[in-house]
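S.K.: Now for the letters of each chain:
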Amino acid sequence: MEPIIQVHELRKSFKDMEAVKGIHFDVAQGEIFGFLGPNGAGKSTTINMICTMLAPTSGSVTINGYDAFKQKAKVRESIGIIFQENTLDEKLSALENLKLHCRFYRVPKNKRAERIQEVLEIVDLVDNQKKKVEEFSGGMKRRLEIARGLLHYPKVLFLDEPTVGLDPQTRAHIWEYILRLKEKENITIFLTTHYLDEAEISHRIAIMDKGTIIALDTPDRLKQQVGGDVIELGTEDNDAVAAQLQSAMPEAEVKQEADILRIQVPSSDQFISTFLQQIRVPITSLNIRRPTLNDVFLSYTGRDIKAGPA
Amino acid sequence: MEGIFAIWQRDLMKFVRDRPRLLGSFAMPILFLIIFGGGFSGTMENLVMNQTSEIEDFNYLTFIFPGIVAMTLLMTSIFSSLSVIQDKEFGYMKEILVSPVSRVNIAIGKMLGASTVAFMQGVLMFILIPVLGVTYEWSNILAVLPIMFLLSCTLASLGLLIASLLRSTQGFQLIVQVLVFPMVFLSGALFPVTNMPAWMDILVKVNPVTYGVDAMKKVMTGAGDLPVAAQNALGLNLQLFGRTVTVAEELLFLIIFTSILITLATISFRRANA
Ligand SMILES: Nc1ncnc2c1ncn2[C@@H]1O[C@H](COP(=O)(O)OP(=O)(O)O)[C@@H](O)[C@H]1O
Ligand SMILES: [Mg+2]
Chain A
1 MEPIIQVHEL RKSFKDMEAV KGIHFDVAQG EIFGFLGPNG AGKSTTINMI
51 CTMLAPTSGS VTINGYDAFK QKAKVRESIG IIFQENTLDE KLSALENLKL
101 HCRFYRVPKN KRAERIQEVL EIVDLVDNQK KKVEEFSGGM KRRLEIARGL
151 LHYPKVLFLD EPTVGLDPQT RAHIWEYILR LKEKENITIF LTTHYLDEAE
201 ISHRIAIMDK GTIIALDTPD RLKQQVGGDV IELGTEDNDA VAAQLQSAMP
251 EAEVKQEADI LRIQVPSSDQ FISTFLQQIR VPITSLNIRR PTLNDVFLSY
301 TGRDIKAGPA
Chain B
1 MEGIFAIWQR DLMKFVRDRP RLLGSFAMPI LFLIIFGGGF SGTMENLVMN
51 QTSEIEDFNY LTFIFPGIVA MTLLMTSIFS SLSVIQDKEF GYMKEILVSP
101 VSRVNIAIGK MLGASTVAFM QGVLMFILIP VLGVTYEWSN ILAVLPIMFL
151 LSCTLASLGL LIASLLRSTQ GFQLIVQVLV FPMVFLSGAL FPVTNMPAWM
201 DILVKVNPVT YGVDAMKKVM TGAGDLPVAA QNALGLNLQL FGRTVTVAEE
251 LLFLIIFTSI LITLATISFR RANA
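Chains as they are written, first to last, in the UniProt record's numbering: chain A, 1 to 310; chain B, 1 to 274.
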C-alpha cells in the first residue's frame with residue numbers, strides 16, 4: 001500500500017538559520033510514527049510544513065495522495081492537528097468549540113451531534129461540555145483539543161508535544177486516550193515528543209537532532225543497535241576505574257558522567273564475572289539495565305536528550 | 001459558505017457576550033455628540049442660516065447625527081477587526097487557518113463579523129434620536145440602513161487588512177490612532193469638508209468615510225431633495241473631477257473600496273500560512 005505520508009528532501013531555513021536540513025521519510029497507513037528529539041531539533045517546524053501551515057524552503061510532502069504545497073485544501077481535509085500551543089477559543093464552551101470545528105470541516109449536519117458526543121466520550125469530557133474552556137484545567141484543554149482534532153475523522157492525526165507541561169498522571173491519561181482512539185478508528189498517528197517514555201508507544205521512531213533525522217527504526221531495533229547492556233557504576237574513584245576498565249575490557253564503551261560511569265558492554269554477565277571482581281576501589285552504586293532510547297540518542301550525538309522535568 | 005457563516009457567527013456571539021465592549025464603544029460618539037451637538041450647534045446654525053435664505057428652520061443636530069453614527073461605524077468596525085490579532089495571539093487563528101475553509105472565505109467571514117458588530121452599534125445609536133429631539137422620516141431611516149452596512153463592510157475590510165499584517169495588539173492600536181482620527185476629521189462627519197486646501201482635498205477624496213457620510217446625510221435627512229444652494233451651504237456638494245457625485249456613485253465607490261481591501265486581506269492571509 002502507498003505510504004500515507006511521504007516526505008522528500010524537506011528543508012526549511014529561517015533567515016540565516018537552517019531549522020530542517022533535508023529530511024526524508026515515509027509513514028505507513030495506520031502506523032504510530034514518533035518524532036523524538038530535544039527542544040529546538042526542528043520537530044514543530046517539520047510538522048507545520050507537513051500540515052500546510054509553513055512554506056518549506058524546498059522539498060516535497062504528499063499526504064493521502066495529495067501534494068501538501070499545491071493541494072492544501074485537500075490535505076487540510078485529510079488531517080487533524082493538535083498544535084504544540086493551545087488553539088481553543090477559551091471564551092466559548094467546549095461544545096461551541098466542537099460545533100465550530102464541524103462547520104469549518106463541513107461535517108454532515110445530521111452527523112454532528114452524534115460525533116461530538118462520541119469524541120467527548122473518548123476523552124471523558126461529556127459532563128463538562130457546557131463549561132467555558134477557560135474554566136478547564138490544562139489536561140482537560142489538551143483532551144478537548146484531541147477530541148476536536150478527531151471530529152472530522154481525519155486520515156492522519158498530528159500531535160505536536162501533546163502532553164508538554166502536564167503532570168505525569170495527566171500525561172499517562174492522555175496517552176491512554178490516544179491509544180484507545182487508535183484502536184477504535186485505526187487512524188495514522190504522527191506525534192512529536194521530547195519525553196523518551198512517550199516515544200516508546202510508536203511503531204517507528206525518527207530521532208531528530210539539529211534539523212536532521214539521525215536514526216529511524218522501531219524502538220526495539222533502535223535499542224538493539226546500541227546493543228548489549230548499560231551499566232551505571234559509581235565508585236569512590238571513577239577516574240581510576242575508568243582507566244582500568246579501558247585496558248581490561250577494550251570492547252566496553254565508557255562515558256564519565258556527573259558522578260557515575262556509564263558503561264556499554266555486549267553482555268553484562270561477562271562484566272560482572274570478570275571485571276567487577278578485580279576492582280579494589282569501593283563501589284557506591286551499581287545499576288545494570290537494557291539500553292533506552294536516551295542511550296540511542298546518546299550513542300548518536302554524545303549528548304543526553306534533556307528530558308525536562310518528567 | 002458555511003465557513004464564512006461560522007466565522008461570522010463566532011464573532012457576533014463573542015461580541016454579544018462582551019458587555020464592557022458593548023458599552024465602551026458608545027462613550028466616544030456620545031462625547032462627540034455633546035461637543036458638536038451641544039457646544040457648536042448654535043454657531044453652526046447661524047453660519048448656515050446666514051449663507052442661504054432657503055432653509056428656515058435649521059437644526060444642526062439633524063445633520064451632525066448621521067456623521068456621528070458614521071463615526072461609530074468607523075471606530076467599531078476597525079476595532080472589531082482587532083479580533084483577528086487576538087485570534088492570532090490566543091492561537092485560535094491556527095485552528096481556522098489549518099481548516100479547509102478557503103482564505104477568501106476566512107477574510108469575508110472576519111469582515112462580516114466586524115461589520116455586523118459595527119452596524120448593530122450604529123443602529124443602537126438611533127435610540128438617541130428622541131433624546132436629542134431630532135426627527136427623521138421613517139422611510140429615510142430604513143433607507144440609510146443598507147448604506148450603513150456597506151460603509152461598515154468597507155471599514156471592516158480596512159481594519160482586517162491592517163490586522164492581517166500585524167502580530168501585536170499594541171501595534172494595531174498605534175496604527176488605528178494615527179488613522180481613525182484623520183479619517184473622522186477628513187470625512188465631513190463633523191463639519192463640512194468643502195473648500196479645503198488642495199492637498200487636504202485629496203485626502204478627503206480618498207477617504208472612504210467621506211462617501212459613506214455624504215450618502216448617509218443625504219439619505220437620512222432627505223437633503224438630497226433640497227435646493228442646490230441649500231445643499232452647498234450644508235457641505236453636501238461633494239465634488240469629484242468637477243462634478244457632484246450622486247448617492248449611487250458613492251455606494252459604488254464603497255463597493256470598489258471593499259473589494260480591493262478584501263482582496264488584499266485575502267492575499268495577506270494566504271501569505272501568513274504559506
Ligand atoms: N518562525 C521562526 N523564525 C525563526 N526561527 C525559528 C522559527 N520557528 C522555529 N525556529 C527555530 O528553528 C529551530 C527548530 O525549532 P522547532 O521546530 O520549534 O523545534 P522543536 O519543535 O523540535 O522544539 C529552533 O532553533 C527555533 O529557534
Ligand atoms: Mg516543538
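Hints are computed from structural coordinates only; laboratory data are not their basis. Owing to the predicted nature of the structure, the values given are computational and were not obtained by experimental measurement. A couple of the hints might just be wrong.
As the list claims (entries may be wrong) - Derived pair list, reagent style DMTMM-like, types lysine to aspartate or glutamate, alpha-carbon separation capped at 25 Å:
no.	chain 1	residue 1	chain 2	residue 2
1	A	K91	B	E137
2	A	K91	B	D201
3	A	K184	A	D209
4	B	K94	A	D197
5	A	K141	A	D209
6	A	K223	A	E200
7	A	K99	A	E134
8	A	K91	B	E249
9	A	K131	B	E137
10	A	K99	B	D201
11	B	K14	B	E2
12	A	K111	B	E89
13	B	K94	A	D67
14	B	K94	A	E18
15	A	K70	A	E114
16	A	K70	B	E249
17	A	K130	B	E2
S.K.: Determine for every hint whether it applies to the structure shown.
M.R.: Tested hints:
no.: 1; hint: A/K91 <-> B/E137; verdict: 41 Å, violated
no.: 2; hint: A/K91 <-> B/D201; verdict: 45 Å, violated
no.: 3; hint: A/K184 <-> A/D209; verdict: 33 Å, violated
no.: 4; hint: B/K94 <-> A/D197; verdict: 29 Å, violated
no.: 5; hint: A/K141 <-> A/D209; verdict: 29 Å, violated
no.: 6; hint: A/K223 <-> A/E200; verdict: 11 Å, holds
no.: 7; hint: A/K99 <-> A/E134; verdict: 17 Å, holds
no.: 8; hint: A/K91 <-> B/E249; verdict: 42 Å, violated
no.: 9; hint: A/K131 <-> B/E137; verdict: 47 Å, violated
no.: 10; hint: A/K99 <-> B/D201; verdict: 49 Å, violated
no.: 11; hint: B/K14 <-> B/E2; verdict: 18 Å, holds
no.: 12; hint: A/K111 <-> B/E89; verdict: 32 Å, violated
no.: 13; hint: B/K94 <-> A/D67; verdict: 20 Å, holds
no.: 14; hint: B/K94 <-> A/E18; verdict: 24 Å, holds
no.: 15; hint: A/K70 <-> A/E114; verdict: 33 Å, violated
no.: 16; hint: A/K70 <-> B/E249; verdict: 41 Å, violated
no.: 17; hint: A/K130 <-> B/E2; verdict: 23 Å, holds
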